[in-house]
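Visitor: Line by line, the protein sequences are chains A and B. With this note's numbering as the guide, the letters of the first sequence map in order to residues 1 to 152. With this note's numbering as the guide, the letters of the second sequence map in order to residues 1 to 475.
Worth flagging that the hints you see were computed from the coordinates, not collected in a lab. Watch out, some of these pointers could steer you wrong.
Unchecked claim - The calculated label-pair distances, taken between Cβ atoms and stated as ranges, are:
hint, chain 1, residue 1, chain 2, residue 2, range
1, A, Pro12, B, Lys46, 51 to 61 Å
2, A, Pro12, B, Arg30, 32 to 42 Å
3, A, Gly121, B, Glu268, 32 to 42 Å
4, B, Val8, A, Ala103, 57 to 67 Å
5, A, His130, B, Gln141, 18 to 28 Å
6, A, Ala103, B, Ala190, 47 to 57 Å
7, A, Glu119, B, Lys46, 18 to 28 Å
Unchecked claim - Computed list of lysine-lysine pairs in PhoX-like fashion (alpha-carbon distance at most 25 Å, straight line):
hint, chain 1, residue 1, chain 2, residue 2
8, A, Lys80, B, Lys163
9, A, Lys80, B, Lys129
10, B, Lys46, A, Lys28
Don't be surprised by glycine CBs; every beta carbon is placed ideally from N, CA and C.
The residues making up each chain are set out below.
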Amino acid sequence: MGNILVIAYGNPLRCDDGIAWHTAEELKRVLPSSAQVICVHQLSPELAESASRAELVIFLDAATNGKPGDVVCQPLKAEKGEPRFSHHLTPEGILALCERLYAAKPRGFLLTLHGKRFEHGEEFSPAAVHAVPRVVELVTNLCSPRANRASA
Amino acid sequence: MAERKTIVIDPVTRIEGHSKVTIHLDEQGRVEDARFHVTQFRGFEKFCEGRPFAEMPSLMARICGICPVSHLIASAKACDALLAVTIPPTADKLRRIFGMAQVTQSHALSLFHLSSPDLLLGMDADPEKRNLFGVLEKEPQLARDGIALRKFGQQIIERLGGKRIHPAWVVPGGVSDPLSQDDRDAILKAIPEALAIAVRSLSWLKGTAERFREEIASFGNFPSLFMGTVKEDGGITFYDGKIRFVDATGQIVAGGLDPKRYFDFLGEKVESWSYLKSAYYKPKGYPDGIYRVGPLARLNVSDTCGTPLADQELAEFHELQRNAVLSSFHYHQARLIEILYCVERLEQLLNDPEILDKHVRALARPNALEGVGAAEAPRGTLFHHYKIDEQGLIRWCNLIIATGQNNLAMNRSVLQVAQHYVKGEKITHGMLNRVEAVIRAYDPCLSCSTHAVGQMALKVQLLSSQGAVLDEVVR
Numbered sequence: 001m002g003n004i005l006v007i008a009y010g011n012p013l014r015c016d017d018g019i020a021w022h023t024a025e026e027l028k029r030v031l032p033s034s035a036q037v038i039c040v041h042q043l044s045p046e047l048a049e050s051a052s053r054a055e056l057v058i059f060l061d062a063a064t065n066g067k068p069g070d071v072v073c074q075p076l077k078a079e080k081g082e083p084r085f086s087h088h089l090t091p092e093g094i095l096a097l098c099e100r101l102y103a104a105k106p107r108g109f110l111l112t113l114h115g116k117r118f119e120h121g122e123e124f125s126p127a128a129v130h131a132v133p134r135v136v137e138l139v140t141n142l143c144s145p146r147a148n149r150a151s152a
Numbered sequence: 001m002a003e004r005k006t007i008v009i010d011p012v013t014r015i016e017g018h019s020k021v022t023i024h025l026d027e028q029g030r031v032e033d034a035r036f037h038v039t040q041f042r043g044f045e046k047f048c049e050g051r052p053f054a055e056m057p058s059l060m061a062r063i064c065g066i067c068p069v070s071h072l073i074a075s076a077k078a079c080d081a082l083l084a085v086t087i088p089p090t091a092d093k094l095r096r097i098f099g100m101a102q103v104t105q106s107h108a109l110s111l112f113h114l115s116s117p118d119l120l121l122g123m124d125a126d127p128e129k130r131n132l133f134g135v136l137e138k139e140p141q142l143a144r145d146g147i148a149l150r151k152f153g154q155q156i157i158e159r160l161g162g163k164r165i166h167p168a169w170v171v172p173g174g175v176s177d178p179l180s181q182d183d184r185d186a187i188l189k190a191i192p193e194a195l196a197i198a199v200r201s202l203s204w205l206k207g208t209a210e211r212f213r214e215e216i217a218s219f220g221n222f223p224s225l226f227m228g229t230v231k232e233d234g235g236i237t238f239y240d241g242k243i244r245f246v247d248a249t250g251q252i253v254a255g256g257l258d259p260k261r262y263f264d265f266l267g268e269k270v271e272s273w274s275y276l277k278s279a280y281y282k283p284k285g286y287p288d289g290i291y292r293v294g295p296l297a298r299l300n301v302s303d304t305c306g307t308p309l310a311d312q313e314l315a316e317f318h319e320l321q322r323n324a325v326l327s328s329f330h331y332h333q334a335r336l337i338e339i340l341y342c343v344e345r346l347e348q349l350l351n352d353p354e355i356l357d358k359h360v361r362a363l364a365r366p367n368a369l370e371g372v373g374a375a376e377a378p379r380g381t382l383f384h385h386y387k388i389d390e391q392g393l394i395r396w397c398n399l400i401i402a403t404g405q406n407n408l409a410m411n412r413s414v415l416q417v418a419q420h421y422v423k424g425e426k427i428t429h430g431m432l433n434r435v436e437a438v439i440r441a442y443d444p445c446l447s448c449s450t451h452a453v454g455q456m457a458l459k460v461q462l463l464s465s466q467g468a469v470l471d472e473v474v475r
């Protein structure tokens, strides 16, 4: 397994928006120590430097616009054109920075967990909590040597 | 009869928080007034009432995602005053390290991520290109340097405070945990690269000055007072010292002022058109008591940095203009000199024989019912003032934030830029960008100073006095 970076992002003080952080804690337990798991509020350009040193970058996020508990996994490509930036970036923007600043092309995936509650608070909805094992499974599969060989 | 018109820039982009600018034209289409309106409201001073005082550092850190460390430090110092304790020497040094890491990462964000597109690509460059990606296309090393420098500061904060955003490591009486040898060594290892970037970036920035002669002359280039904290020897400090005011000639107007007595020399005025209060120097009244804080002001009030490379740069900086450096365009250069100083000073502090000492917190119960904490935040002097009851609950709180202290100067700067660049009835992107760029030079943090969320778009309308839209630019 090559270098793996998992970036969990969201606001842990807005209920399900923090589910990626919660999932990250579980991933730190199950992934090998060679995998780096970090939690951030938003995607900032500094992450590109870390991502450029990885072979696989997995972004974990929560979303409001789907059936609560649904998990979507999608491969990512570096954003083309001129991404707008002032304070935060998209996952594709991070990959674009990797490519253009560091000549690095890590494989990228975005795993989105659809939440239900996004008000102030630190409690997760049952739907979000029940979906966490599925996210962990998907991340583990993406990190497996077989998955890496298949996509090499 | 000709109509009087107003140009509205709403919101102002690439700053921290939400604001708009209105430019008021007379019947001949000449700029007669301009205002910088802060349109968001936070209200931290009110909703922390009733909370236990020991919670204040953590609560106050939530004011801002960019400079939580500065609020943490000022708040903890106010709490130290409530406890009436002297914190352990190692805790004092660790707080200084924490604060300078904050200054480094915040200044790097302002200069490299927010302002370098203007400085590298030009004020009139295509707005679609005038961003970090435009910078990396033209000068990738500059973009890499900005990222590396900000990461350097953030990683120190993360190592000491446990996380980059809203760390709670600074506590009343000191800090919660000592510095480990591993963390000390890791930070020291990163210093040479950070130092090289600071030196390289200063060289680049100074090389651009010739291209911006007109902006230097018109971006907040007017006489005012400057305020900052200095050590007893007149040296720069971000943590502790006395308040000094200098005037436009560079003469000390007031010195040796106790920051705990800020209310003796600072007043605040509320204007109906902004949520941001305007601070002024009391002896001169409002608005004549206009003063500036932050990097430009700190270098104007400081006699020395006390580190070799920063002292060389400071001497050169003081030569930029006769007497005090008045142009707010030079905030950018001042920011880089402060980064250079911070990196040099960090190395000194990390090599201090006491820095790994385990005694980092003084414990006590409240011994006073009122406390003031002050520190130099990236954007200027920050005051936290608390009053508590016998149970230790906050009964009154006042925060004076750097951006509020620059409010009068920002308004005057916007007016100066608008009068210089806005001509006739046609709006150009270059003109608008200069109005925004002069605000960016101050690096205002409106989340901090008004105690929001939304899209950073830009819509500018030129309106007739009857409200008809004469011209509109949307991006």
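Visitor: Determine for every hint whether it applies to the structure shown.
Guide: Hint by hint, here is what the structure shows:
no., hint, result
1, A:Pro12 with B:Lys46: 51 to 61 Å, "25 Å, violated"
2, A:Pro12 with B:Arg30: 32 to 42 Å, "52 Å, violated"
3, A:Gly121 with B:Glu268: 32 to 42 Å, "34 Å, holds"
4, B:Val8 with A:Ala103: 57 to 67 Å, "43 Å, violated"
5, A:His130 with B:Gln141: 18 to 28 Å, "48 Å, violated"
6, A:Ala103 with B:Ala190: 47 to 57 Å, "22 Å, violated"
7, A:Glu119 with B:Lys46: 18 to 28 Å, "21 Å, holds"
8, A:Lys80 with B:Lys163, "32 Å, violated"
9, A:Lys80 with B:Lys129, "13 Å, holds"
10, B:Lys46 with A:Lys28, "40 Å, violated"
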